Amino acid sequence: MTLQHYLVISAILFTLGIFAVLTRRNAISILMGIELILNSCNLNFAAFSRFMTPSEDISGQIIAIFGIVLAAAEAAVFLAIILAIYREFGSIRPDEVDTLKG
Amino acid sequence: MVVPLISIILLCPLAAFAIFGLLGLANRRFPRQDYLSTAAMLIALACSFLLLREVVPSPEAHTVDWLSLGGVTFSMGFYLDSVTVIMLIVVTLVSSLVHIFSMGYMHGDPRYPRFFAYLSLFSFSMLFLVVSDNLLGIYIGWELVGLCSYLLIGFWFEKDSAANACKKAFLTTRVGDVGMFIGMMMLFKQFKTLSLYGDGIFTRITNPEYFTADATGIVWLSIAGVLIFCGAIGKSAQMPLHTWLPDAMEGPTPVSALIHAATMVAAGVYLTARMFPILTETSSLVIAYVGGITALVAATIAIVRFDIKRVLAYSTISQLGYMMLAIGAGSYVAGLFHLTTHAFFKALLFLGSGSVIHAFHAMHAHAHDDEHDHEHADSEEHILGSEIPPDQDMRNMGGLRHKMPITFVTMLIATLSISGVPFIFSGFWSKDAILGGVLGRAMEWNSAHHYILFGMALCAAGITAFYMFRLIFMTFFGEPRNQEMHDMAHESPKSMTVPLLILAFLSLPVVNILWFNEAYVKPPPQPHLHAPQHAYIAPDGNTGGKGYAVSLFGVSEAVAAEEEGGHSTDGTHADDGHHGHGPAHTIAMVLSIIVAGLGIFLSWLFYHRRTLSAESVATTCRPLYNLFWHKYYFDEFYDGVLVTLTVWKARLFAQFDGSVVDGIVNGVGFVTRDLLAAFTGAFDNRVVDGIVNRVAQVTWAVGGRIRRIQTGAIQTYLFVVLAGIVLLILIFRAL
Amino acid sequence: MKNIDSLLYFTPEILLVIFAVAVILLDLVVKNRESSAVAHLSLVGCICTFAAVLFIHFSFGDEGPISLFLGMIRLDTFSSFFKILLLLATAATILFSLRSEELDARLKGEYYALLLAITLGMFLMASSTNLLMIFISLETVSLTSYILAGFLTHSPRSSEAAFKYITYGAVASGTMLFGLSFLFGMTGTGDLAQIAGRLTELLAAGDIAPLAVLIAITFVLAGVGYKIASVPFHMWSPDVYEGAPIPITAFLSVASKSAGFALFIRFFYTGFGSTGLMESVNWPLMLAIVSALTMTVGNLAALPQQNVKRLLAYSSIAHGGYLLMGGVLLTSEGIGAILFYLVVYLFMNLGAFYVVVLVANEVGSEMIDGYRGLASHAPLVAGAMMIFLFSLTGIPPFAGFFGKWILFTAVLEQGYYWLALVGLLNSVVSLYYYARIVKAMFFEEAGEETDSVSFSTGTFALLSVFVIPTIFIGFLNIFYTFSNISVSVMPMQ
Amino acid sequence: MLLSLMIFIPLLGMVAVLLLPRESEELVKRVTLLFTLIPLALAVYLFISYDRSTAGTQYVTNVPWIDAFNIQYHVGIDGLSVTLLLLTALLGPICVIASWRNIEKGIKAYMALFLLLETGMLGFFAALDLFLFYVFFELTLLPMYFLIGVWGGPRREYAAIKFFLYTLFGSVLMLVAMIAVYLNSNIVNGVAEGARTFDIPTLITLAATQGHALANSDFQVWVFVGFFIGFAVKVPIFPFHTWLPDAHVEAPTAISVILAGILLKMGTYGLVRINMAMFPQGLDHFTDGIGFWGNSLALLGFINIVYGSFCALAQTDFKKLVAYSSIGHMGFVILGLAARNDSGITGAILQMFNHGVISAMLFLLVGVLYDRAHHREINGFGGLGTRMPIYTGITTLAFMASLGLPGLSGFVGEALSLLGAYERFKFLTILSTIGIVVGAAYFLWTLQRVFLGTLNPKYEALPEINGREILTLVPLGILTIVLGVWPNFAIDMFRESVTNLIDVLNAI
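Residue numbers (our numbering), protein chains in the order written: chain B, 6 to 107; chain E, 12 to 746; chain S, 947 to 1439; chain Y, 1107 to 1614.
Since the hints were made in silico from the structure, they are not lab data.
From a predicted model like this one, the values you see are computed outputs, not experimental measurements.
Do not take every clue at face value.
Computed far set for chain S versus chain B, every beta-carbon distance over 12 Å [stated by the list, open to error]:
#1 948
#2 963
#3 997
#4 1012
#5 1047
#6 1114
#7 1230
#8 1231
#9 1309
#10 1355
#11 1385
#12 1391
#13 1410
With a straight-line Cα cutoff of 25 Å, these simulated SDA-like cross-link-like pairs (lysine to any residue) come out [said to hold, decoys possible]:
#14 Y/1532 <-> E/224
#15 S/948 <-> S/1016
#16 Y/1532 <-> E/233
#17 S/1385 <-> E/709
#18 S/977 <-> S/990
#19 B/106 <-> E/726
#20 Y/1564 <-> E/169
#21 E/200 <-> Y/1395
#22 E/200 <-> Y/1613
#23 E/203 <-> Y/1513
#24 B/106 <-> E/727
#25 Y/1211 <-> S/990
Just so it is clear, CB atoms sit at the ideal spot from N, CA and C, and this is done for glycine as well.
Based on the sequences and whatever the hints tell you, model everything.
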């Protein structure tokens, strides 16, 4: 497996994530899309750090680790907010949450 | 000695007015404003007589810096020569007499004191105009007298007719003044000064550094001269700006006598005379023609008037035309001579008519309610819209000579004088001098122009005699036509008759000869005209005087002598000058006597013997009568233009935008008002302002659009983000 | 510098952490729900941190920039400047929150703790010089602000704001992270300065395509642009600002914008500042266009607004555009102008929001109509608002004018005449909507007869804290010099 | 020092007024009057003690202000500014007296704003540092905005914001030009040397030195345009004038007086002080009489004169008529300046001063009538001459002065401007004289419709002008007459300055 493979995969992940975020009619799926995006980034970092930098330099992997942590935190907050939305709007369809506009 | 005297002359009337103004501010009145003003005038009169001696040695200018810039300096000052002094005396004299007359005439008017204050202001302005030594000063006085005439014509401003008349007068003269101002600008650009004497225009014109009298130079100078003359056209009511003067008769009669007969309207002549040195052949000719036409036309109009004051008004216009003609034809002295004589007898005529009007006791009615109902208002006048107040309608008069002898006698003298009855009446001499001058010029140059001009002058003379006697006959002779008014009539009080007598005395030649003697009036040289054929206008100076000094004993020799004097400067034309001019005055005198006699005789037949009936003549030559009656349709013309323009306006706005725009003025106004003003006004509202508002609206609308993108749906936002990124990348890929 | 030694220089941040924890603990202890002890404690925290920042600045400032934690964080006057700015904003927000009635009394502890936490995150944003640190700080700030935006329970608007905010923020930061990953990949390092060097070399050598760099930069811009709400990454801000509690809106519009600019400046100037790079990828021009768009969109969209909070949201977008102008210049004058403008903006914008808080408390409305006749029954407040608004417009003699003036001088100096003209015409447009509020306050009468409101002296004291600087900053030398010193240390290729 | 005192005493007055209790209205008015009378006294002192024999600036104060940009607090007066300072200081108390009765609500705020406005105006005429100049220029905006917007007529909000937007638009362009000048102020032959500066006298000398960036003619043309638009809005010059009628009609009397009397002059003063003195080459490009651009400035003057006059002729609202007449009269100023010879410029400056006095009178008079009849429809009156003779008298004086009757001040300025302009632009000047006739037309026509004719029965009981109103009018009336009779009285002040300016203009 060469760097290109990893990059292609992460690119696909990223695109899928964006696609999900733009099209899904369910807040949870949007969250999943976001997770895909973040993970594609992590994959990138890991891959780059493996192929582009000297093997003793693992800063890339470290970034990836942090990325995972932050993604988790983000997911937590997101879910909490989705709960609030559900409480207020009785639905988690993003297109129904549009009282603020103009 | 000169400066203090003149200062007194100027300051007295000014003070009289100032006192009124200042007290008026505090809503107070000087107990006897009339005495105050009259006293001021009398002092001025005395001083003017003192000046009579002062001036003789040599004309001189006394100036102070009035407005000094880095480069140029405008000075104000007095210039004192024989002409100035004559004008001073004429003005102060007539003015004082009018003051006295008014005490009787205006008695009991609610604004009695104000009237005298205005008179004082006017006298001041007029005197300032007369003594000024520079164009700027003249212009200042010029406008100030205009203001006074505005105030005095509109003195009974409750009458709409008066209100209209005063506005018309101011605006019409203002048109002329603008021409004058343009002329002043031209002169200033050329000569870098507006002073006339000292190191002024008249000296710099000889200085090649400022001006060279080559072809272009002369053309330029002619234009400038004519433009300056425009001012005179306005003020002296020459064609085509004469229409305001008859309307000005809405003012009190003493005002008509002082301002619109004796002094202010003569200011135009005075100005032209002052500018004599820079008048070129062309501009002189223009002036002469304007004068001649005016003289003739105005006279013909006067024939058919019934309003006693309007007759006099038109006669004034025509006489002023005479003076212009004289100066235009180079008879400088004759012009000024006629100015002075005319000042007296015309003032006399007006005051006389005033006393007649006063006799009808209608003055107060006159002042307060403008009655539109009186039996004599005939249809034609309704059409014209200008009704004759009954107390001024000659058809109400007649047979007054028994009722008011003094008025009758004095007015008769004046009439004889104006009609040019030889030899004991001043009018004869002055008018004859003009005729002689013009004919002389014609014969000497044998120029067709001057023959034509002479013809005009002659006809005018005849017609003048005719309508003046028509006035006398209709007013004082025959049977009273309106009995109850006739019964009311009575001789006027002393305060009014005394001035009449004095003026009558002044209408005798003797008095005038006192000034037009030997070394007195001298036509100034016209230095820029060095071409030989102009030499006759550049005499050595004392000739003008000589002519009239001896004129009592025989005009022809005198004039011959004058011409000789004229040619002694350059021998070239001495002979034909002699031959050409010897007979000139004789012929002129004979002819003038004949036409005058003819005129008088005819009017005797028409209006006294009634062997001939005016009506029948009128009907036989209807068109001509109508022409005269409608004053050559001048007013109709102006109104017509106005109407058509109004129509255009309507169409124009129909296209401009559907509705009639606010800011369109209704009612009759100045010609340009309805069209241009309303147009620009609307343009300002709709277009200029409109554009601005449109910009605002567009901005706002765009704001609205941007708002709509903000749908509130989060996924739209995200899509915009992605789109934005892609767009940015694409754009900068391209760059 | 090694980690242990770094701790000394890290005192301010440590203090913030300590106080954040302390606030939570105190909140557990205090039983009385009404007491504002917690808030005051967090205020004390701000003050202590402030002292610490000043102490470190004046004791080590002259040693020049110090890099801490193995080059993760950089301590220099630039960061100190922002730290002070941010602390002022935080303190102000805490005071607002004390006076704001819409924030309900429960959950106090967390609220203030979060405020301190977000401040910490911003501190890091202002001073981090490594991709990792940048990303972490950005996320810290974002996550906290999501929570704060949705802090109003039982308020649909607040929740919706939070939802939109997090969705938008997550995608934006995700995109940024993707971009960062490529930067890392191309250069093999996380350190900004080294990235700059490597990129230049590689581009010069032709080992990488300019397009790759362009894409990376654009992705990064997505993250940064979202923080400073620049077109086309601005669309979250009006909704969030409108939905969030007013103090938080104020905080976001000032503090997180400032932090965003700190990050932006560091990132772009250190990371992409090399001339070689700019030859291949002309990002200043890109930013110039972005800033022009941003101010225009912000101002035009603000015109028809009826809700004052939303109006101010758009206005703050517009101001982001003005500030961005300074960022495209690559001159110390440009950055100096940004810093000075941020100081001014802090005072006038916070002031405006404070008045919004007060009016919301009294009238209970955020609509312009609610401001009708304010001048008659609360003249001082109305007057203050008038000053803030005209200062935002940039009318002399208020500070806003001086800020704009320095900004435009810097822009013109670089010959961006079109940009300056756009900016100035925009400020003319902006007058219109600011004046609408003034009009409502001064020219119109209150609908129903409202008895004149009496505010506590404390309110006026706090108000004057914003009014006085808004009037006088422009006339004082010190601020110009301070902002200039702060940029003197910026590495400029 | 004296000058600074004069500038900032009204500001002090503002603080004092704000500290007074809202109830004691009489006290507020008195205090305001006091704080406007002090500057007047100082202005008179300056006017008397000013050394007329030199063109140099006098009473100079110059202290550094913002070192970072080398901005100084630099004030001083030359002949031009001292004249306008006197005018400003004179109109101050007059307007306070004029507002004594007819301001119903918020008299305190009104007076405070008025004092602030006065500081702005005084400072503007005295400023010698470009930045300071601009700050004062803008400082007049805010109070004016509120004075129109709060105390104005029915459409006051529209008028106020319109005025504000117009002026701001103009001044941002001016700001660009100003910054451009600042940035180029230290560049000689392409290399920067020394510090940049905002100091007006320095800049003027720099702009005249060979090889200096400011002396580059293209640069001058562009900067000239920038400043020109800024000032043109204030003057106002067609087509930037449409704010004026609205603002005038809506503003309360005293404020209209200030608008017409002072604010318009700020525009023309700026033209003289900055555009002409600092950018002679730019000026030359627009006034050298060659081609369209060479005549453009004179053309604008001509348009203002004729256009303004005709618009005035079209109005039926008394106040709007006066407003448009102002546009017409400012046209003479532009024409005179375009002539750039001593008679032209002197005429323009005189016209500035005289128009300040006369239009002030006119607006006060309109106010007097409005306070009594509560409308301004010209056709709604008639025959008032019988009812209120004194008022009629004063109005006639003002009208005559305004339509340029010789012997009153209006004439001197117009005549000189025209005389000067004719030397450079024959054709346009001759066309402009139309304005004189039209001017006479609309004033006389108004006079007739309002005062002459039969008395409108509605106004049988109209009270005569009272002492307070006369008190506001008399000083102006006296000035009108004095300056008409003895123009040197004013010209002595700025003759040297004008000569100096012309030397600068001829130097290029």
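How the hints compare with the structure:
1. 948: Nearest chain B Cβ is 17 Å from residue 948 of chain S, so the label holds.
2. 963: The assertion about residue 963 of chain S holds, with a minimum of 17 Å to chain B.
3. 997: It holds; residue 997 of chain S is separated from chain B by about 31 Å at its closest Cβ, greater than 12 Å.
4. 1012: At roughly 21 Å from the nearest Cβ of chain B, residue 1012 of chain S sits farther out than 12 Å, so the non-interface label holds.
5. 1047: Since the minimum Cβ distance to chain B is about 21 Å, residue 1047 of chain S lies beyond 12 Å and the statement holds.
6. 1114: 10 Å, violated
7. 1230: Check passes; 27 Å lies beyond 12 Å.
8. 1231: 27 Å, holds
9. 1309: With a cut-off of 12 Å, residue 1309 of chain S remains clear of chain B, as the shortest Cβ separation is near 21 Å.
10. 1355: Consistent with the label, residue 1355 of chain S stays out of reach of chain B, its closest Cβ about 36 Å off (over 12 Å).
11. 1385: 21 Å, holds
12. 1391: 28 Å, holds
13. 1410: 33 Å, holds
14. Y/1532 <-> E/224: Cα-Cα ~21 Å, so holds.
15. S/948 <-> S/1016: 6 Å, holds
16. Y/1532 <-> E/233: 17 Å, holds
17. S/1385 <-> E/709: The given pair, whose Cα atoms are some 22 Å apart, holds under the 25 Å limit.
18. S/977 <-> S/990: Since the Cα atoms of residue 977 of chain S and residue 990 of chain S sit roughly 20 Å apart, the hinted pair holds (cutoff 25 Å).
19. B/106 <-> E/726: At roughly 13 Å apart (the allowed maximum being 25 Å), residue 726 of chain E and residue 106 of chain B satisfy the hint.
20. Y/1564 <-> E/169: 16 Å, holds
21. E/200 <-> Y/1395: 16 Å, holds
22. E/200 <-> Y/1613: Cα-Cα ~22 Å, so holds.
23. E/203 <-> Y/1513: The hint holds at about 22 Å.
24. B/106 <-> E/727: 12 Å, holds
25. Y/1211 <-> S/990: 46 Å, violated
Checked against the numbered hints above, the structure violates hints 6 and 25; every other hint is satisfied.
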